[in-house]
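Engineer: With the hints as your guide, set chain B onto chain A.
There are 2 protein chains.
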Amino acid sequence: MKTQHLLYFIPFLLHTMTYSQELTETEAKDYTKFVNPMIGTSKMGHTFPGATTPFGMVQLSPQTNFQVMFRDDGSYNPETYEYCAGYQHKDSTIIGFAHTNFSGTGHSDLGDFLVMPTTGDLVLEPLKTETDKKGFYSSFSHDKEEASPGYYKVDLDSYAIKAELTASDRVGFHKYTFLKSDKAHIILDLVYNIYHYDTKNIWTFIRVENDSLITGYRETKGWARTRKVFFAMAFSKPFKSYGHKKYDDIQYNGFYRKFNEGENFPEMAGKDIRAYFNFDTEEGEEIQIKFALSSVSSAGALKNLTAEIPHWDFEKTKAETKAKWNKELSKIEVTTMTPEDKITFYTALYHTNLSPIIYEDVDGQYRGLDQNIHNSDGFTNYTIFSLWDTYRALHPLFNITQPQRNNDMIKSMLAHHDQSVHKMLPIWSHYANENWCMIGYHATSVIADAMVKNVGDFDKQQAFQASVSTANVDYFDGIGDYKKYGYVPEDKNDASVSKTLEYAYDDWCIAQMAEQLGNTAAEKEYRQRSTFYENVFDASIGFMRPKLADGSFKKEFDPLDTHGQGFIEGNAWNYGLYVPQNIEHMIALMDGKKRFSDHLDQLFTMTLEDKYIENNEDITRDGMIGNYVHGNEPSHHVPYLYNWTGDAYKTQSRVRMIMDTMYGPTVEGLCGNDDAGQMSAWYIFSSLGFYPVTPGSVDYALGSPLVKTATLQLDNGKKLNITAKNQSKKNVYVSKVTINGKLKKGTSITHQELMQGGQIVFEMSSKPNKN
Amino acid sequence: MKTQHLLYFIPFLLHTMTYSQELTETEAKDYTKFVNPMIGTSKMGHTFPGATTPFGMVQLSPQTNFQVMFRDDGSYNPETYEYCAGYQHKDSTIIGFAHTNFSGTGHSDLGDFLVMPTTGDLVLEPLKTETDKKGFYSSFSHDKEEASPGYYKVDLDSYAIKAELTASDRVGFHKYTFLKSDKAHIILDLVYNIYHYDTKNIWTFIRVENDSLITGYRETKGWARTRKVFFAMAFSKPFKSYGHKKYDDIQYNGFYRKFNEGENFPEMAGKDIRAYFNFDTEEGEEIQIKFALSSVSSAGALKNLTAEIPHWDFEKTKAETKAKWNKELSKIEVTTMTPEDKITFYTALYHTNLSPIIYEDVDGQYRGLDQNIHNSDGFTNYTIFSLWDTYRALHPLFNITQPQRNNDMIKSMLAHHDQSVHKMLPIWSHYANENWCMIGYHATSVIADAMVKNVGDFDKQQAFQASVSTANVDYFDGIGDYKKYGYVPEDKNDASVSKTLEYAYDDWCIAQMAEQLGNTAAEKEYRQRSTFYENVFDASIGFMRPKLADGSFKKEFDPLDTHGQGFIEGNAWNYGLYVPQNIEHMIALMDGKKRFSDHLDQLFTMTLEDKYIENNEDITRDGMIGNYVHGNEPSHHVPYLYNWTGDAYKTQSRVRMIMDTMYGPTVEGLCGNDDAGQMSAWYIFSSLGFYPVTPGSVDYALGSPLVKTATLQLDNGKKLNITAKNQSKKNVYVSKVTINGKLKKGTSITHQELMQGGQIVFEMSSKPNKN
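Sequence lines, in order, name chains A and B. For what it's worth, the UniProt record's numbering labels the leading residue of the first sequence as 1, then goes sequentially. For what it's worth, the UniProt record's numbering labels the leading residue of the second sequence as 1, then goes sequentially.
Bound conformation, chain A alone (with noise of 0.2 Å):
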């Protein structure tokens, strides 16, 4: 967030510090007031600012706009990237509310549901019809809008409706105040989705059960490429009358013609088809809608339905979703230095708490990878495992803040693996797809980081099968190579020099599994894997560098480019520092740490030439200090390997800079994508001064504390107080740390020290400690 932005967002910026500054004592338990969905929901955060309960399985929120992937001429649209949770700040139409939305994600898919309330005469196209007219779209301004935890509420100027939304675990409670009207829809778009909106459709069937209730689903082909999502959609109040449209041009072989099918026909299907429902209403009268998902049949929806919101009392729903947030944000109690910094702070909090979701039926049953339908015996199945990002400190906050969903999680992953014809564990999965997104196999560090510290029941030996499992996976992304060469070569497999470290500090994780469970083989096997980086380490210029299959080394070479320099998404300057588990030893390599720590003060200073952040989604200008980029993921631990270099006070005033920079309470609060909560898990340990460089480890790095204090509620009953002694903007620098009086020395901290409870005390400094 940088400082034009911050004067753009000050009229914002003032209703959300009146609200945070008005908070008495008592009214401070509401932690939901510190809570501004809207952050990230410009640019690249690629937040949605609709309701959603904490892991919830709906999530329903405004789509602003269509996004083609493809134009007409067939040159790819930039614009669909913005649009990887339906809604971007700029915007002034809103075509609808979806019930299913990623949060932070880099790439996109879901958009399942698009509702919208209109009157007048029926348009059934949403952005404009055949004959050029207005689509269904409303125009809407954010003074007429309001984002809080679980609810979300707009003005639709168009039609003069005001549209309310809450939700509990699995339903979406939508609640529309119309005008006086006899031509009062609502509209059930089935063709709009995230990202190619209108090419994704396999199918949808839509039964209209009675005159308030309508059930049916959807299959896609899009991220996920067996993708199915069913639902049961209730009205507070029957409709006169409804109807569909077909927008494909598949022609069935069946009978219907002797049918008016388009019209009060209570059976519909097909590729792409919208459906209306007509009422009039009164001024001032209110239509509600429940609707229900479920991945395992239309009766699963009805049946969550009938379950979780049995009445029509929207606010009722809405307090409970509310609670249900304070539960989730009270485990983190701050006082910060500003009320900016409070919001940016459960925002991030918030943000944490969004994914993965949960992804079964109020009775256990869910669509397994098999697309078969399983139930979850003695867990909860969760689904969206964004690996690659969040195994590096999203999984481990919830090793702090949500161990008992953190099992859960790897019993899903576990779930997932049997499941799996691959028998591997989840790379980036959703609804019971694998859509392969990314590199690695980092289930094995969430695994791994549970299990040094101690955290769930799961089976460790099992979990310890499948990590090994998919470690050998032979035809995966390189794996046989990488096994055969102790390296992946570039020739044979691009973004290898990435997979190659990733997989090395993988199969670390798994030898620390090992060590865990005793296996002493299986421990050496895999310690000895996780050396591969070395393969790829080139002495002569100081970089990991691609090798190929002959030995040597890739002849062309930018360290600086991120495009075909076996990286992906990032280059070798930020990328190459990737040994996590064994951060000595690679400074070691790259000739000690002096001339590592000169490295990270040029990575944070240097000029990089625009040409190495072209067509680039993933790196840009805002979320860079340098070449260092904070907006993506490899580079999230090497703030934090000054620590290493002897240099922490570097790393403290990193931190420091990182979290005034790139996060805010604004809608540009985020500096790339929050990549379903890593970014913000980020800033959640970098508040509270540590960060899991290691995840397998039971070892924090230390930082420097943004919060002037901090009180974790932690599972095993004990309380956490993290304490900064002359905190201030200025005083980014630790002179020491004591643990329950104790003076902490090094630069670490373990989990056992966290988990103990008691007293944390950072003394703040204007001026760095050296030593």
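Hints listed in this document are in silico derivations from the structure and should not be mistaken for laboratory results. Don't take every hint at face value.
Taking lysine to any residue and the SDA-like style, the derived pairs with C-alpha atoms no more than 25 Å apart in a straight line are [to be verified]:
#1 A/Lys153 with A/Ser92
#2 A/Lys423 with B/Ala299
#3 A/Lys258 with B/Gly486
Where chain A lies over chain B, by a calculated footprint (3+ residues, C-beta under 8 Å) [claimed, not checked]:
#4 207-216
#5 291-299
Backbone N, C-alpha and C fix where the C-beta goes; we use that ideal spot for every residue, glycine too.
Structural biologist: Chain B only, in chain A's frame:
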């Protein structure tokens, strides 16, 4: 079957005669020897020669050609119609063996999971490759082909592979005997469909679970608009490698690019894909496949596979299925005048045991019309209800030969009603879909017939309510207008006379139910509705005639024409005689018995101009006698109507003539679509000497038996013996009938008289008994 056809098929006939004549008395207990599944596989019979159990879910049968519904120039390809069951006897090539086939229908679908063994260089396109080379089809000859109940064998000459097929209820069992080859393949073609072969797929999904087990599913949008079929495919020998090719142009948004998805990658999905599995084979080596189906899930299919065929003993399954067939076929033991008649008879009996099919997993789970998974509680669920055809004689036959199954079929129809969003009983339903084919709501007839005959333990009140609900879905095919005007106005709905006549009959069936239940108000209401046929009778011309909403008859009217004259698949001459619920009154309307008998004489003897049978798939010269159309259902009761005119002897000679000329023991032995067994059921009844002209009443019209003797093993434990004394090809007239020695007066017999068992003796004569 015309003389010329008999001559043409003498070699085949001799073949079938040979084995039937060789039978000794003990061997005769094997009734399957009298069944030739090839009957009806030529021209319009639309039967399939492959392997199935009685009412089995799997119909594993050769497919002899691809059919494109529309040619490249957009014109309709009439050849499509010939391939409703995938096989035409005239063909000399086979493209594989599919697991689902309708028997005898006049429209089509299915053809799921085409399996083809080949050798040599892999070819994945069935007809010709992109480079115009030969496709994977094989030539074959009927000399090397064998078909019997539950077993099919053919030599695939192009590859010197012997193919053998058998089946259990839910599992197809393949045995392929190869020559020595290091390029042996089993192709699983998921593109192939019957009708619209390459345009019906919605999605397909395959998992290679291990080196000898595949699972997956296919979704199609054909005649059944939203159809899902799941499978599990086990190989007796591990394949050495495998792969697939995609034939659609769908782009995924996932990240599959990191694999070579085409080869040895165990997860395949897409719209149109063909998979292959490679083997080395020794000379004479058998590779067997067990291929299980499910409507529920691939897990369900695997369960079916394991439960039904836990071994690899092909002969055992073949023998078990043969025994199942003998159990059904032995229910009617006949002696006939000629060996050919016996083959025709038992093949007809076989054809009445193919539809509807079992539609549930071994554990009772099945997919319902609402696409949710249901459990059949207290019944076996069936699908494929071609009710416009089968209510006439097939379901009445079931009330004698398959009362328990008919009871389950009615319960299946009631479940369909409960799951129907329209709250309608099935019209023409298959695979959890209503395809709305043809007219009327004849499930009411099936229910009424079972009710008056006291068959089954289905809930009569529920069945009545479901019938009433069905008869009052006003938006369905003119029902609202029918109720309003007392007829379906032709200017509002085509085929209006057919609909009026059939609704009136169906309403009479509901009245019959109401009477049974003592519901006098409803009885009165539906008796009233059952008279609506009167409203479309034009006394001025003596024909049923389309009436307009204004009460006038349609001006241009040609009672010989089948197009646009108010009838569907029939003309006024035939179809206008459809008042089975009150034949006396219909005859009275039509100027009395003499005039009516003359009408029938003319019908059978007149010469119909070619123009009247052009562009009519269901009405061809093969199935016609004069203007009488035996090849399609609307006329099936007509030959029996002489009984009501005092000229019963004409019924006797006509039905014998029809049995002799419209049926036979050759591939052309069906003169029109067998229509899921209706055509064959007509033959069974008529052969035994009686026919259910009015299902829903207990009466059967007496005709002229073709058999010499018949013994029916009734479900109530009794035996019914039918003897035709002095039976001969010439003695087609019945001079008297005795039941258990007592002279039977009149021209009908009751269900009770049949069910009490004992002896019915027809005394045959060459001279008509005109009294």
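Engineer: With a cut-off of 25 Å on the C-alpha distance, tell me whether lysine 258 of chain A and glycine 486 of chain B pass.
Structural biologist: Holds, at roughly 19 Å.
Engineer: If you look at each residue in the region 291-299 of chain B, do at least three have a Cβ nearer than 8 Å to any Cβ of chain A?
Structural biologist: With 3 residues close enough to chain A, the hint holds.
Engineer: Between the region 207-216 of chain B and chain A, see if three or more residues pass the 8 Å beta-carbon test, and mark the coverage as holds or violated.
Structural biologist: holds (count 4)
Engineer: So if I understand the rule, the pair passes when the alpha-carbon distance is 25 Å or less; does lysine 423 of chain A with alanine 299 of chain B pass?
Structural biologist: The hint holds at about 17 Å.
Engineer: Can the restraint linking lysine 153 of chain A and serine 92 of chain A be considered satisfied, given a maximum Cα separation of 25 Å?
Structural biologist: At roughly 15 Å apart (the allowed maximum being 25 Å), serine 92 of chain A and lysine 153 of chain A satisfy the hint.
When held up to the earlier numbered hints, the structure conflicts with none and fits them all.
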